[in-house]
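Q: One letter stands for each residue in the lines below.
Number of protein chains: 2
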Amino acid sequence: MTIEPGAPILVVGSVALDDIETPAGSHREVVGGSANYFGAAASLFAPVRLVAVVGEDFPQAHVDILAGRGVDMAGLERVPGRTFRWHGRYGADFGDAETLETQLNVFEDFDPKIPAAFKATPWVFLGNIHPDLQAGVLQQIERPRLVAADTMNFWITQERRALRQVLAHIDLLIINATEARMLSEQDNLYDAVDAIRAMGPEMLVIKKGSHGAMLFHPEGTFFAPAVPLRRVVDPTGAGDTFAAGLMGYLARSGQRDFGALKRAVINGVVMASFAVEGFGQDHVLALDRRDIEERTARIEAMISLD
Amino acid sequence: MTIEPGAPILVVGSVALDDIETPAGSHREVVGGSANYFGAAASLFAPVRLVAVVGEDFPQAHVDILAGRGVDMAGLERVPGRTFRWHGRYGADFGDAETLETQLNVFEDFDPKIPAAFKATPWVFLGNIHPDLQAGVLQQIERPRLVAADTMNFWITQERRALRQVLAHIDLLIINATEARMLSEQDNLYDAVDAIRAMGPEMLVIKKGSHGAMLFHPEGTFFAPAVPLRRVVDPTGAGDTFAAGLMGYLARSGQRDFGALKRAVINGVVMASFAVEGFGQDHVLALDRRDIEERTARIEAMISLD
Numbered sequence: 007m008t009i010e011p012g013a014p015i016l017v018v019g020s021v022a023l024d025d026i027e028t029p030a031g032s033h034r035e036v037v038g039g040s041a042n043y044f045g046a047a048a049s050l051f052a053p054v055r056l057v058a059v060v061g062e063d064f065p066q067a068h069v070d071i072l073a074g075r076g077v078d079m080a081g082l083e084r085v086p087g088r089t090f091r092w093h094g095r096y097g098a099d100f101g102d103a104e105t106l107e108t109q110l111n112v113f114e115d116f117d118p119k120i121p122a123a124f125k126a127t128p129w130v131f132l133g134n135i136h137p138d139l140q141a142g143v144l145q146q147i148e149r150p151r152l153v154a155a156d157t158m159n160f161w162i163t164q165e166r167r168a169l170r171q172v173l174a175h176i177d178l179l180i181i182n183a184t185e186a187r188m189l190s191e192q193d194n195l196y197d198a199v200d201a202i203r204a205m206g207p208e209m210l211v212i213k214k215g216s217h218g219a220m221l222f223h224p225e226g227t228f229f230a231p232a233v234p235l236r237r238v239v240d241p242t243g244a245g246d247t248f249a250a251g252l253m254g255y256l257a258r259s260g261q262r263d264f265g266a267l268k269r270a271v272i273n274g275v276v277m278a279s280f281a282v283e284g285f286g287q288d289h290v291l292a293l294d295r296r297d298i299e300e301r302t303a304r305i306e307a308m309i310s311l312d
Numbered sequence: 007m008t009i010e011p012g013a014p015i016l017v018v019g020s021v022a023l024d025d026i027e028t029p030a031g032s033h034r035e036v037v038g039g040s041a042n043y044f045g046a047a048a049s050l051f052a053p054v055r056l057v058a059v060v061g062e063d064f065p066q067a068h069v070d071i072l073a074g075r076g077v078d079m080a081g082l083e084r085v086p087g088r089t090f091r092w093h094g095r096y097g098a099d100f101g102d103a104e105t106l107e108t109q110l111n112v113f114e115d116f117d118p119k120i121p122a123a124f125k126a127t128p129w130v131f132l133g134n135i136h137p138d139l140q141a142g143v144l145q146q147i148e149r150p151r152l153v154a155a156d157t158m159n160f161w162i163t164q165e166r167r168a169l170r171q172v173l174a175h176i177d178l179l180i181i182n183a184t185e186a187r188m189l190s191e192q193d194n195l196y197d198a199v200d201a202i203r204a205m206g207p208e209m210l211v212i213k214k215g216s217h218g219a220m221l222f223h224p225e226g227t228f229f230a231p232a233v234p235l236r237r238v239v240d241p242t243g244a245g246d247t248f249a250a251g252l253m254g255y256l257a258r259s260g261q262r263d264f265g266a267l268k269r270a271v272i273n274g275v276v277m278a279s280f281a282v283e284g285f286g287q288d289h290v291l292a293l294d295r296r297d298i299e300e301r302t303a304r305i306e307a308m309i310s311l312d
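Line by line, the protein sequences are chains A and B. Heads up: the first sequence is residues 7 to 312, going by the working numbering. Heads up: the second sequence is residues 7 to 312, going by the working numbering.
Next up, chain A with everything else stripped away, as it sits in the complex (with noise of 0.2 angstroms):
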């Protein structure tokens, strides 16, 4: 299946206001949040809608930045209140972080509404939000080409049914290991794949951080390394930055086949190694397609035969 190359993604998520503490640094109020991860990386891929809400704190110079890589803002709400808040810190192996405070504020209430120039956009990713609030985008959306989301542990354990809903309406999930094991109650990966993929998505994407990702599609399964990294700064967004990379590419190339997605899986990897090496976007905003395109060949030669 072929679409304009080139045709827009939407996204829907949260954006956030982050302090952040790794073992290389602490910051503060670092832009965040799943869209606005998400939307930055995509923007070097294709044109982006984002729909999200933000409080009376947070800074149009950011809004203006997104704007200026063609994220249309329209669906950002600002709405009286502060932006929704985390605070959270990575142990020495940089794995899942602890949180240390959240608050929701402005983001308890968000109920995204989509603005009608967006419902009839071809490539559209979720982001981790309320499962009810996922399956609120897919009501009002014309149907797309595909539909990605990603969710997180909380959702698989407190709202499992709300979760399983979304999941019978959705073409591709992408999540971690451990996320794969919580919501299929399966020890075996494979095993628990296979029993997400019988909830509804066709398609499954596995992020193994350090260790790559897989791909399990119905025409088989794919392997794609991580990008041998020196130093980790930050894992921040790093998930996001991996479907932005994924979603990205399919919207660019306008191909959906299982070689698509393929290549989708290998940019998301390396968008997620320029996620984690620098703090919150630092490194993604000063990224340009010439440094994308050298790490996916980078990645494309670590497993070629040739």
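No lab work stands behind these hints, which were simulated from the structure alone. Some clues are possibly wrong.
All copies of an identical chain are treated as equivalent in the list; a pair is satisfied when it fits inside any one copy or across any two copies.
To be verified - Straight-line distance between alpha carbons at most 25 angstroms, and here's what the computed SDA-like set of lysine to any residue pairs gives:
1. 214 to 97
2. 125 to 312
3. 125 to 150
4. 214 to 98
5. 125 to 182
6. 125 to 188
7. 214 to 200
8. 119 to 13
9. 214 to 183
10. 214 to 75
As the structure is a computational prediction, the values presented were derived from the model and not from experiment.
With chain A held as given, fit chain B onto it using these hints.
A: Here is chain B on its own, set in the frame of chain A:
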């Protein structure tokens, strides 16, 4: 560099009787040891010449099984006393085994003597034994086309100086990521790889268990994913069986260029996948070439962009 395809492989290591406990069951007096695991698996690829020691209690039937598979047992010393015995237990994640008991027995005085007919073997694998013994083997033989070696955390911490001397004389080191960090005293895997290659080995293979294996070669880096497995039974000997697939492929093909090394690593992950599916060598002894070729094709498909 092309060498006669199917030329023999020399392996020097241990032969043992192991008591093994895993979440899948417990077995006593399982025939094990690095030379045994390697020899049984490598014999599916090329003739093998084995050098090791056993005691009076070692079953002649197993010696006959290996001989029947084309393993030249002329280098197996049988001496008074009991065979090397190891008792280990694996936890629910099938990670590193807990050693419950080690009886060195006849292995304590093992001093490998390479039979004259073995001295000009083109492919050499130094199994996980004291680095001084590994060095002694290299002094007894003609310069082979390729020498690979394994080692373990015990030698890395207790016999670092002796190990460094061996490293200066081998072409390929095959270890896991934890061992690489320990040997190099580097936290970052890629810094570790650089440090180890600076110690001597031109090539390094890092085994990552269910996350696959990486080849670091002067011409580039290659990644082979692990075979997706639904059920693990016993990881004992998986590393030696991996090495057997790798060295076996080289010996069978008669090549040692980057492309051959890549395919050799794929054969390594494939053989390791068979190893963990049965207790001891159960599964490996039942294989034929078609089983191996089927799984290597699966791995090649998992990294193919076509």
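Q: Evaluate each hint against the coordinates.
A: The hints, checked one at a time:
1. Taking the shortest Cα distances, residue 214 and residue 97 sit within 25 angstroms of each other both inside one copy (18 angstroms) and across copies (22 angstroms).
2. For a Cα distance limit of 25 angstroms, the shortest separation of residue 125 from residue 312 qualifies neither inside one copy, at 45 angstroms, nor across copies, at 34 angstroms.
3. Taking the closest pair of Cα atoms, residue 125 and residue 150 come within 25 angstroms of each other only inside a single copy of the chain (9 angstroms); across copies the shortest separation is 68 angstroms, beyond that limit.
4. In the homo-oligomer, the alpha carbons of residue 214 and residue 98 lie at most 25 angstroms apart both inside one protomer (18 angstroms) and across protomers (20 angstroms), since each shortest distance falls under that limit.
5. Proximity of residue 125 and residue 182 under a CA criterion of 25 angstroms is satisfied in neither setting, with 29 angstroms inside one chain copy and 50 angstroms between copies.
6. Taking the closest pair of Cα atoms, residue 125 and residue 188 never come within 25 angstroms of each other, the shortest separation being 33 angstroms inside a single copy and 55 angstroms across copies.
7. For a Cα distance limit of 25 angstroms, the shortest separation of residue 214 from residue 200 qualifies both inside one copy, at 17 angstroms, and across copies, at 24 angstroms.
8. Taking CA atoms no more than 25 angstroms apart as the test, residue 119 paired with residue 13 passes inside one copy only; the shortest distance there is 21 angstroms, against 70 angstroms between copies.
9. Both within a single protomer and between protomers do residue 214 and residue 183 lie at most 25 angstroms apart by alpha-carbon distance, with minima of 6 angstroms and 16 angstroms respectively.
10. In this assembly of identical chains, residue 214 and residue 75 lie within 25 angstroms of each other by CA distance neither inside one copy nor across copies; the values are 29 angstroms within and 39 angstroms between.
Against the hints set out earlier in the document, violations occur for numbers 2, 5, 6, 10.
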